[in-house]
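Peer 1: Please take these sequences and the hints and turn them into a complete structure.
Protein chains in written order, with the numbering used here: chain A, 1 to 240; chain B, 1 to 240.
None of these hints come from the bench; they were simulated from the model. Virtual Cβ for every residue (Gly too), placed ideally from N, Cα, C. Certain hints may be false.
To be verified - The following residues of chain B were derived to be distant from chain A, with all beta-carbon distances above 12 Å: (1) P15; (2) L33; (3) A149; (4) P151; (5) T223.
As the list claims (entries may be wrong) - Covered stretches of chain A (chain B as the covering partner; in silico rule of three or more C-beta atoms under 8 Å from a C-beta of chain B): (6) 47-60; (7) 93-106; (8) 142-155; (9) 196-202.
Stated by the list, open to error - Okay, the calculated beta carbon distance ranges per label pair: (10) A/R61 <-> B/R61: 48 to 58 Å; (11) B/P151 <-> A/E20: 44 to 54 Å; (12) A/E40 <-> B/G156: 37 to 47 Å; (13) A/R61 <-> B/A152: 49 to 59 Å; (14) B/P23 <-> A/E20: 51 to 61 Å; (15) A/E20 <-> B/Q116: 31 to 41 Å; (16) B/G156 <-> A/D79: 41 to 51 Å; (17) A/G193 <-> B/A14: 25 to 35 Å; (18) B/A196 <-> A/P207: 27 to 37 Å.
Number of protein chains: 2
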Amino acid sequence: MRQIPRLFVGPRLAPGARFELDPAQAHQLLAVLRLDTGAELRLLDDQTGEWAARIAAVTRRAVTVEVGAMIRGRETVADFWLVAAPIRPERFALMVEKATELGVGRIQPVLTSRTQHARQNPARLHAHMVEAAEQCGRTALPALAEPLALPALLAGWDQARTLLFADEEGGAPAATVMAAAPPPAAVLIGPEGGFAPEERAALLAHPAVRRLARGPRILRADTAAVAAIALWQALSGGER
Amino acid sequence: MRQIPRLFVGPRLAPGARFELDPAQAHQLLAVLRLDTGAELRLLDDQTGEWAARIAAVTRRAVTVEVGAMIRGRETVADFWLVAAPIRPERFALMVEKATELGVGRIQPVLTSRTQHARQNPARLHAHMVEAAEQCGRTALPALAEPLALPALLAGWDQARTLLFADEEGGAPAATVMAAAPPPAAVLIGPEGGFAPEERAALLAHPAVRRLARGPRILRADTAAVAAIALWQALSGGER
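Peer 2: Here it is in structure tokens:
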């Protein structure tokens, strides 16, 4: 049995709406999946939810779709952000992909003094997020924010939003801190080289910051992000 | 500042021991890192711990090392296993890499009726584990077991070892189940297509199995493994 393709699209969806898919999606449906007029699709707009749809017309390289009935509304996403220093692009893409699967509301890149891979390709990251959401049955995408330097991030931080970070030099057990951090919250993942002393001091002095003990193992940043998000979801995500 | 290379080696380490590194490691030190006689190393044997060492002699392509003092003993690893159906090789390698970082005692591949990538390269997986352990400062490697079919795994399962699995059709919240699963324990991660009905029935009937609710999101298998291991470590790993 073949799965019905799920595609995130730009236009806001409504019953009976017709529009052309973008060229990359048209190529995927025609050349890779070998679909034709009449084929069933699922469309998502990250606004209203997931809709039944079909290919209404195929011209040279262009695919027009027609929207049918809504299947389900956009899922509720817990108000939890991933704030992360960019790392090597393939690892950062992995982090962003997994944060999308796990369901964060926003991904905020943060630039620190030891960040070595500040330049990332937002379009490529967005494509990874969309692919992860399409594959994993999600109906919502995280917002991907513009990078901010750490001082600016902290200066503009909403003090009602708990900012969790794993400290190398102490802190309460992760499970205890995570369980006491209801939404709105966020987790901060530093670069591979960690935070500079003055950055760590600024974090510890900030009223919204809660530190947790790093634990006995050094994790790669992408692993640390997945572990932290999973832990928060299980302990404070409030989904069951 | 350059990091001192950390290498897992085959021989059991002891002060004053001298031996040749394997050719791939010799190539890494000579051709990639451009090291020469006298260069400092850290050697690990996955048995005794981590040792200071240096390059004692270099001949054509061969590197002889001499072991100095022990730096630290092999870390304690919680008695927790990852039991996972093999998935696409690059994703399975990622899963194995992250399980190594997070610190599982054993990785047990399990073959289920919907497993599509039963053939994996154990040497390649082992190399991923070693690289992850070298990078993350670990002094222990998980044991990588031979694959077992699910019925054989369950038939031979030590009933004292809790086997956790995420069920699509119900179960208690993950945090509750994980917190009540002290070592010895294991988590079972199925293939992308999930378990067949008869497999699920066999799991639910097994006395060592505890199910937990899958949660509102479908995760890729490698993400699910990282989330489950991180959760168990934080709630039952007993490391602090």
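Peer 1: It remains to establish, for every hint, whether it holds in the given structure.
Peer 2: Hints, one by one, checked against the model:
no., hint, in the structure
1, P15, "26 Å, holds"
2, L33, "18 Å, holds"
3, A149, "25 Å, holds"
4, P151, "25 Å, holds"
5, T223, "5 Å, violated"
6, 47-60, "violated (count 0)"
7, 93-106, "holds (count 5)"
8, 142-155, "violated (count 0)"
9, 196-202, "violated (count 0)"
10, A/R61 <-> B/R61: 48 to 58 Å, "54 Å, holds"
11, B/P151 <-> A/E20: 44 to 54 Å, "51 Å, holds"
12, A/E40 <-> B/G156: 37 to 47 Å, "45 Å, holds"
13, A/R61 <-> B/A152: 49 to 59 Å, "52 Å, holds"
14, B/P23 <-> A/E20: 51 to 61 Å, "56 Å, holds"
15, A/E20 <-> B/Q116: 31 to 41 Å, "35 Å, holds"
16, B/G156 <-> A/D79: 41 to 51 Å, "46 Å, holds"
17, A/G193 <-> B/A14: 25 to 35 Å, "34 Å, holds"
18, B/A196 <-> A/P207: 27 to 37 Å, "52 Å, violated"
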